[in-house]
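We have chain C already, so just place chain W on it with the hints.
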Amino acid sequence: MIKVRNLHKSFGDHRLFRGIDLEVARGEVVVLIGPSGSGKSTFLRCLNGLEPFQAGEVDIAGIALHSLGRARPSQADREAIRQVRLRTGMVFQQFNLFPHMTVLENIIEAPVHVLGVDRHKAEEDALTFLRRINLLHRIHARPATLSGGEQQRVAIARALAMKPQTMLFDEPTASLDPEMVGEVLAVIGDLVSQEGMTSLISTHEMGFAREVADRIIVFADGDIIETGTPEEIFTRPRHERTRTFLRRIVDVPRQEGHRA
Amino acid sequence: MPARTRWSALVLLCLAAIAAPPDLNASPRATLQAIKERGILLWGCDISGGAPLAFVDPKDPAALLGFEADIAGAIAKELGVRSQVVQTDWDSLVPGLERGNYDMAMNGLEITPEREKRVLLSRPYYVYTLQLVVRKDEERIKSIADLPGRKVGTMAGTSADSLLKKIGNVEISAYSQTWPFDDVALGRIDAAFMDTPITAYYAKPDARLKYAGPPEGKGYYGIAIRRSDPELKTFIDTVIEKLLRSGDLKTIYDKWGLWDKAQADLAAYGTPEASRKLRAESADAPLASFLPLLLKGAGITIALSIASMALAIALGIIISVTRLYGPPALSAAATAYIEVYRGTPLLIQLFIIYYGLPNIGIVLSPVVAAIIGLGMNYAAYEAEVYRGGIEAVPRGQMEAALSVGMPRTLALRRIVFPQAFRVSLPAVTNDFIALFKDSSIVSVIAMVELTKTYSILAATTLRYFELGIIVALLYFGMSYPLSVLARSLEKKLKGRT
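Residue numbers (the working numbering), protein chains in the order written: chain C, 1 to 260; chain W, 1 to 497.
Here chain C stands alone, though its shape is the one from the complex (with noise of 0.2 angstroms):
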């Protein structure tokens, strides 16, 4: 489903990516574990044409990105671009829901005004996308109104709407309070298991990782250094860098209530 190969990916004269390869089946669930600033963000965003690289290769679902350089892209690429973005569906940190439009409507936008889907059959979609998710009773509802669990769970529905064939999880719940973490991730690691998405992950939550993963991941500084079963990552890591990072984070006592 996806295939990176050799991507090379620079902000200016600050080399990141320096040819990293990666394949994810279809319906496979891989999350990105590693310290903030490793790259796991800018690697989703070169998935879907977010982020322009320098070199290598991106294949999503039969369409391959090709890598720009300082280029503009040509009508060629810019349609490529859309082509995977219709079929990746992509859920933020900061859930970037449509603040001028109610839950429904930010629901039914892309599917009506991308697609052409009729408007009552999208939000009967909608609707039961809403009802599995437990948010039927905000469809009218604003985002502002919202708390920030909700407001993801929101986001998730919108990109799903699009009946996309990949999930690309960029950090969901990092901005979320404690308490609300919970319910998000039921929410995906319900889409995952049950609905068999084939979905990257990135994400700090590992009691979740653990349980979801089939592949784990592990980026610092650029690099994948590791990558293995969550069993073989939490109880066997191999790589010094991943040791420090997971005792620094498994050391803080998880909270009840993320298992979902």
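Some hints here could point you the wrong way.
A short, non-exhaustive set of chain C residues, derived as facing chain W with CB atoms under 8 angstroms [what the hints assert, rightly or not]: (1) Leu50; (2) Arg85; (3) Gln94; (4) His113; (5) Val114.
The set of hints was computed from the structure by calculation and includes no laboratory data. Every residue, glycine too, gets a C-beta built ideally from N, C-alpha and C.
What follows is chain W alone, placed relative to chain C:
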């Protein structure tokens, strides 16, 4: 209002503005035949220059008085047509004539060699002298010989101006929109040096001022005609000759006590009865009699401002989007547009559009020129307001829109712009209200809106204060509802976000 109706209304408004009737005299050849067929003799004059040359009757602000109005009427009568004044700033009288706005210009234009290079001048219809005016208690200045080292006010570009320069070492204050007499009385300048008809009406009756020295110099007023219309000049010359020989010209000037040089000496030292009567009438006229003219001016101000703002907003959106999202070449062009239009005075832009474009064959009516000038100027400011608004919308909004597959233009239209609009609204309201006042600048391209109407009425009646209050209230009455509307719109939008 649904979006489509809003857009249609906007388009119709712009079309209506552009479809305004062109100059009556589009072709600059004013043959006698053409004038007779038209039925109107158009003459250019600055009636805010006021009495006693040509000015508005305080009892009936729609009527024109003054000896030049009378002469224009006499010429028209000889042609079998009626006369119609075309209000034009004094500095723009000759350019306006060359441009074809009217058939002839008459407003105390002195016959000088420089002027004769550009236009034809009729035989003189009046002999004027120059008079020095000082404060009542002035002891040091007894004649123009005492002027070196002093500050003297006069009208720019006249023979009084030249004479002062020839005396040498005189600090000259040039006036064009107002008379210098108030400044003499207030002590801002030491003296004023002006044509006798003007001093007779404005300075002589003023208790704060007095004449100093005898009348100086001697000059002639002539009517200006385009070089391409020699037969009109010949005709006007014969009419003036006729008025002189029949005594009608004397009758006209007698009303104002301005007949011939010898009596001008006397008249300069006496107070003409007509002037005294007129000033009394001006002071007593009920303010309500001025309302129709003022409301007409207000109507023009409103129509002009709305049409210009509509253009400014539409153009501003295009320019700011081009600057932010266009290819590098177009983006640079947009930035250049903004810097040039913000960095140069609106007045000069209007002059170029109205008086300069005819040189390359584009002749615009005053209405169209005014709307284009104001619209294009304000568009530069609007573009920056919109850019600020757009950049204030968090980046995550565009990213979220893009990530669900929206093309950039759709994301801008449905996600970014509505949020940017809300942020920009106070600044846009600000600009719109400012535009209402800035619209007064179009008086320099021959449009009479509210402020110009005020100038004209106030110059005649000298009731600057009372009329000023009324006009200020009218402007306030136009702008304030706009503020209220904008604030209620802001409140409504706040409920949405």
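Each hint tested on the structure:
1. Leu50: holds, 6 angstroms
2. Arg85: Interface hint status for C:Arg85: holds (5 angstroms vs cutoff 8 angstroms).
3. Gln94: holds, 5 angstroms
4. His113: Because about 6 angstroms separates C:His113 from the closest Cβ in chain W, which is inside the 8 angstroms limit, the hint holds.
5. Val114: holds, 5 angstroms
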